[in-house]
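Quick note, the sequences are listed as chains U and R, same order. If you're matching positions, the first sequence starts at 1 in my numbering and goes up one per residue. If you're matching positions, the second sequence starts at 655 in my numbering and goes up one per residue.
One should not assume that every hint holds.
[Said to hold, decoys possible] Distance windows between CB atoms, simulated: (1) R:D886 with U:K185: 22 to 32 Å; (2) U:D581 with R:P1284: 28 to 38 Å; (3) U:K632 with R:S1240: 35 to 45 Å; (4) U:A582 with R:D991: 51 to 61 Å; (5) U:R615 with R:G1293: 17 to 27 Å; (6) U:A292 with R:G1293: 56 to 66 Å; (7) R:S867 with U:R308: 49 to 59 Å; (8) R:E973 with U:K345: 55 to 65 Å.
[What the hints assert, rightly or not] Which residues of chain R face chain U? A few of them, derived with a C-beta cut under 8 Å, are: (9) G720; (10) E1114; (11) A1156.
[What the hints assert, rightly or not] In the DSS-like style, the derived pairs of lysine-lysine whose C-alpha atoms are separated by at most 27 Å in a straight line are: (12) U:K54 with U:K185; (13) R:K1298 with R:K1270; (14) R:K1302 with R:K1270; (15) U:K350 with U:K44; (16) R:K1270 with U:K529; (17) U:K185 with R:K839; (18) R:K1183 with U:K185; (19) R:K839 with U:K173; (20) R:K1183 with U:K616.
Just so you know, these hints were derived from the structure itself, not from any lab. For each residue, glycine too, the CB sits at the ideal point set by N, CA and C.
Number of protein chains: 2
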Amino acid sequence: MTIASRQLANAIRALSMDAVQAANSGHPGMPMGMADVATELFTKHLKFDPAQPKWADRDRFVLSAGHGSMLIYALLHLTGYARPTIDDIRNFRQLHSPCAGHPENFELAGVEATTGPLGSGLATAVGMAIAERHLNASFGDDLVDHFTWVLAGDGCLMEGVNHEAIGLAGHLKLGRLIVLWDDNKITIDGAVSLSSSEDVLARYAATGWHTISCDGHDPDSINAALEAAKADPRPSIVQCTTVIGYGAPNKQGTSATHGAALGTDEVAAARDYLGWTAEPFVIPEDIKAAWAEAGSRGSAVRSAWEARLVASPQRAEFERRMAGKLPADFSLQPYLDDLAANPQKVATRKASEMVLGAINAQLPETLGGSADLTGSNNTKTKDQAPLTADNYGGRYVYYGIREFGMGCAMNGMALHGGVIPYGGTFLVFSDYCRAAIRLSALQQQRVVYVMTHDSIGLGEDGPTHQPIEHVMSLRAMPNLDVYRPCDVVETAECWALSLEKADGPSLLALSREGLPQLRTDVSENRSAKGAYRLKAAEGPRKAVLIASGSEVEIALATAKKLEEAGHGADVVSMPSWERFDAQPESYRDDILPGGVLLVSIEAGTTMGWERYVGRKGLRFGVDSFGASAPVKALYDHFGLTADKLAPKIIGALN
Amino acid sequence: MTIASRQLANAIRALSMDAVQAANSGHPGMPMGMADVATELFTKHLKFDPAQPKWADRDRFVLSAGHGSMLIYALLHLTGYARPTIDDIRNFRQLHSPCAGHPENFELAGVEATTGPLGSGLATAVGMAIAERHLNASFGDDLVDHFTWVLAGDGCLMEGVNHEAIGLAGHLKLGRLIVLWDDNKITIDGAVSLSSSEDVLARYAATGWHTISCDGHDPDSINAALEAAKADPRPSIVQCTTVIGYGAPNKQGTSATHGAALGTDEVAAARDYLGWTAEPFVIPEDIKAAWAEAGSRGSAVRSAWEARLVASPQRAEFERRMAGKLPADFSLQPYLDDLAANPQKVATRKASEMVLGAINAQLPETLGGSADLTGSNNTKTKDQAPLTADNYGGRYVYYGIREFGMGCAMNGMALHGGVIPYGGTFLVFSDYCRAAIRLSALQQQRVVYVMTHDSIGLGEDGPTHQPIEHVMSLRAMPNLDVYRPCDVVETAECWALSLEKADGPSLLALSREGLPQLRTDVSENRSAKGAYRLKAAEGPRKAVLIASGSEVEIALATAKKLEEAGHGADVVSMPSWERFDAQPESYRDDILPGGVLLVSIEAGTTMGWERYVGRKGLRFGVDSFGASAPVKALYDHFGLTADKLAPKIIGALN
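With the rest of the complex left out, here is chain U (with noise of 0.2 Å):
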C-alpha cells in the first residue's frame, strides 16, 4: 500500500466539504481537523469488520462530538460498510437518507450510539467499556476483549456530564476506554478560552485517567499515543492538538468552519491546498482500493472470533445475551401467584424490590444501580454483588451522586449489547437526567429507570424533592413508557412490561409510602392494557375515577363514599397512559364511557388529564410546588383525601 495517510485523510475532508456543501448545512470544521486522527484509528487500530458490522467483540467507535456527522460517514463508506453508500452521502441532511444531521445508531450500522447532545457520547461510552469488562468476566478474553474509543471535542469535555462519565470511568478502572479530545482550542463562540481556563489533562489525571498528547495532523506522533493508550491499565485521553478546519485555506483554525459550509470558493482553494483533484462525491481508485484493504484488516480476527465461539459451551446464552432475548422459561407467574395467597402492603419501591428478587435470580443479564440511593430506590437485591475494578462481575453500580452519567452509562450498557441495565434516582431528579432519558427513547434502548419518591407523599424533604410536573412531562416523551403502579402486584407487572420492550426504556414511578395490594387477581396482567376497571360501580354508573399509583387506594375510599351516597362510580387503574392509548377505541370506550362524569385523582400535575376526563371532568392534583410535611398532612392540605374528594365529586354530579 503506497498511498499515503495524508492522502486517505483527504478522502475524508473531500467527502465532509462536499456533502456539506451540496447540503449548505453542517458541521466540516471537526471532520476535517480529525481527518488524520481518525485515519490512523480506522486503518491501524481499531477492531472491525464492514462485512460482519455487528460482530460482538468489535471494537465499539462513540462519535462524542456527534456534529462532525461526515466523520463516520465518510469512515463507513470508504472501509466498505455497505451503507451509507456514495448516494446515501450525496443525500446528507436530506428526508429519509441515512445521513442524518446527527449520527443515529437506528439509520446505520457502526454508528454505535446517536450522539449530538454533547457529552453524552462520552458517558455512553463509558457505559459500554462497563458492559465489555462485565461481559468478559462472564464469558472470557476469548468472546469479550474489544476497546471503546470516543471522539470529544471541547464540548463534550465542558458538558457537567464529562465530569460524572470520567470519575465513574476512572474510579472502575476501564482501561480499554480511549478519549479522541480533539483539541482545536475552537467554539461555537470563538476560542475556547473565552470560557474556560482549564488544564483538561490535570483535571484527567485528577480523576485517575492516563493522559498523553499528540501532533493530530502526524500519522507517528499519533500511532504512538494510541499505543501508549492501548497500554495503559487506565482509561486514557489522548490530547489531540488540531486545526479545525484544517485543508480551508481561508478558514481552518476559525469557528468559522464550525457549522456551515465553506462555500464553493473555499471549498475549490481547499482542493488546491490539499492537492484533491477529484470531482466532489468521486474517490480516486488508488485511494479507494487503499481504504478497502484497510477495511479488511479485521475479517481474519473476527472468522477467529467465530470459530471461537462455535466451540465455546458458552456459545448459546452468549448469543441469547447478545440478542437480547429473556430466556424462554423467564416468568414471574410463581412470585405472583404468592403474592395471591399473601397480600402485602409495602410502598411500591418495595414492591420493586421483592420482584427484583424475582427477575434477578432468573435473568443474569440485569444489572443495577443507584446514583447513591440504593436504600431509598431499593435498588439492590441480596445477590447482587458490587460491580468493582477488582470484580467486573458484579452485578450492581454504585453510580455515586451522578444521575445523568448513570443514564448515559446504561444507555451505553444497552447499547453495548449483553445486558439489561436499571437504575433509580428520586423521581425528581429525573430532571437531572432527562437527557439521558430522551436518548434512550431515541436511540431505542431497553433501560428500566427507577425513580421512587414519586409524589408529594414523600413528605418531609418537601417541594425540592418533591416531583410535581414529572410523570406528566415523562408521559410527553417519545417512545418511553412510563408507569405508575398502585401496589405490589401491578409493580410485578409494570416491571414485567419493561423487560418485554426490548427497543426502548421504561420509567418506573414508584411510592415512597406503603400501599395495600389491591388486587388478586394475576391471571393476567392487567397493566399491559394501561388501564382497566379495577372495582366496577355498584349502583346505577354516575362517575369514573381514574387514578394512578398512590391515589387508586384513595380512588377507591372515595368511590366507597359516593356509593353510600347513591351514587354508582367506577374506579379505574391507570398504570401507564401509553399503553391505554394503544388499545382499541372499543376498548377505551368502555373504560371511559360518555355520559358520566370522569374524574382523575393524581398527586402531580393535573395539567393533561383532559386527555381523559375533557373539559368538563373533573381533575384533582397539585398545581403548585409542594411542601414540607408529613405525608397524611401534606394529602390533607392539598385536598387529595377521600373526605375532601367525595363532597366535590358529589356537588358536581348534583
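Once you have looked at the hints, place chain R on chain U.
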C-alpha cells in the same frame, strides 16, 4: 467572651439532633459534622447583621448541602434573626413551619438560596459572586464588596454541574467565592470510596482554584484556612476534614447519621459525649449570650455602609436596582410603533435580539449570555461587552458549553439582586438545565430563558436537536411562564411580560426560521392575555384554530382555505397557556366558544392540547421524534401545512 468555640458549636449540634428527633425525619449528620466550621465562619468571618437581613452588601452564605438544613436554622436562630424562633425549630419539617425539610429562600431571610438538589447551591453561588463583581464595577467598593460562602458536601462536588460551575468561576477568577467542602468521606450509600477515586483538590486546582485544607474540628486550623482563602485572588475551596455526625458516639463517621433521626438512646449518648446537659430546645444563657454577641458583630459595619449609601450620588439607582424595580420610564412602545410602521419578517430569535436592543439600552441591569450559542440564540446586542476577569462591568457572559451551570448562575444573580439575568441555548437542551429552571420557579426569581430553535423548524440538525415534548413539559412546571410568540410583535410583548414578572422565571421559545409579522396593531399588549383572536371568521364560524409560534402563520393559511370552502374559522394565537388560564371564564369562553370544532396546531407533542380542544377536537403536531431534513420538507412530512391540514379539518366538519 469566655465560651469556647466547641460549646457554641455544640448548641448547633443539640438543636440539630433534637429537631430531627422531634420530627423523626431529617439529616443530623452534616450539621453535627460541620458545626465547628460553621461556628468559626459565623462568629468571626461572615459579614451579616440579623437586624437587617437584607442588607445589600452582606456576605452571602449558601448551604449547598441543603439536606443539612438544621445547620442554617440553628445559625439563624442563635445569631439573632427574628425567624426562625425556637418554636419554628420545634416544628422542623411540619406543615407551615419556615423550617422546611430543605432551606427555602422564600421562607426565611438569611436563607439565600433554596437548596437540596445537589450541586445546585454551589453553582448558584457562582452567580452571586459574578453579580457581586459586576455590581462592584458599577457601584464601587463603597457599596458592593462582599464574599460569597458555600458549604458543600461530596454530593455537591460529584454532580456534573459542579464541573460547570467551578470551570466558570475559575475562568472568571471569582476570588470572593469560597467553598467549604465537608470532607466527611461518607455518602448515602456508604463510603465515598464506593463510587469515587478522585483527587478533589487537584481537580479544583486544574480549573484555576486556590485549594487549602483544615481540620474541621480545630478552630485554629479552620480560621487559618479561612483567612488564607479570603486573601487569595482565586476562588478557594477549603477541604474541611470532618466526622459526619460528630458527637453521636456510636454512629458518628457512618452513613447512619446522614438522613435519619439518631434515636433517643443515641441522642442521650451524644449529650453525654458532648457534655451538653440542657433540655431539648434549650440553650444555656451564657451560650445564648455569646451567640448573640457574635450576631451583633456586623451592626457597626452595616451602619457605616448605610452612611456611605446615603452619601452616594448613586443611591437612588442602587436602591432601584437592588429592589428589582424597572425604571419608571421604561417602555418598548417606540420600538413597537416602529414595527407597526415598518413590518419585519424575521425569525423570532432575531426578533428577540431586536427587542433586546431596546431593552438593554434602557435597562442597565440586564446581564445576558449564552451557553456557547451566541450567534444562534441571538442573545448578544451590539452594545454588550463581555463580562471577563478583566472587565466585570461587561454585560454579556460567555457561559461556555454549560447549560445547567448557566441556569444556576442566573438564579444566583437574580437572588443576589441588582441584575436581571437572561441566557440562551437551544430549546431541546432545556433538558440539560431543567433542574435549574425548576429552581428559578421554586425560588420565585426573575430569570429569562431564551430558548431558540424551538421545533422541527430547526431543520437539518435532526431529532437530537428538535424539541418535541419540551414546550409542553415546561408548561407543566409550576410558576414558570412559557411563551411561544408568533412574530416580531409578540416577541416584544412576551419580552415585556417576562421583565415585568418579578417573582418568577419566564421562558421564550423562539424560532430558527423567518416568520412574517402578523400584527400591526401595537396599542395593547395582546400577549398579556395569553391568547387572543388574531383573525375572526368571515363566514359563519365553524372552527377555531388555535396555534402558537411558527404555526400561527400556518393556521392563518389553513383558515383561508377553510373560508374558501365555506367554513368560517377564527384563528387564535396562544403565546402563553399560563396567562390565558389566568383570564376570566368569560374571556376564555369568548376565545374558545362551544359548538364549534376546536383545532390545535403546534409543531410539538399534541398531548395536553385536549385542555383547549377537548376530547373531540383535532390536535395537529408531532408525536414522534423529528427527522433530519430542510424545514419545508419536514413540515410537509409531518403534515403541518395548510394543504394537508385544511382537508382534514374540512373532513371533520362535514
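Hint check, failures only: 6, 11, 12, 15, 17, 18
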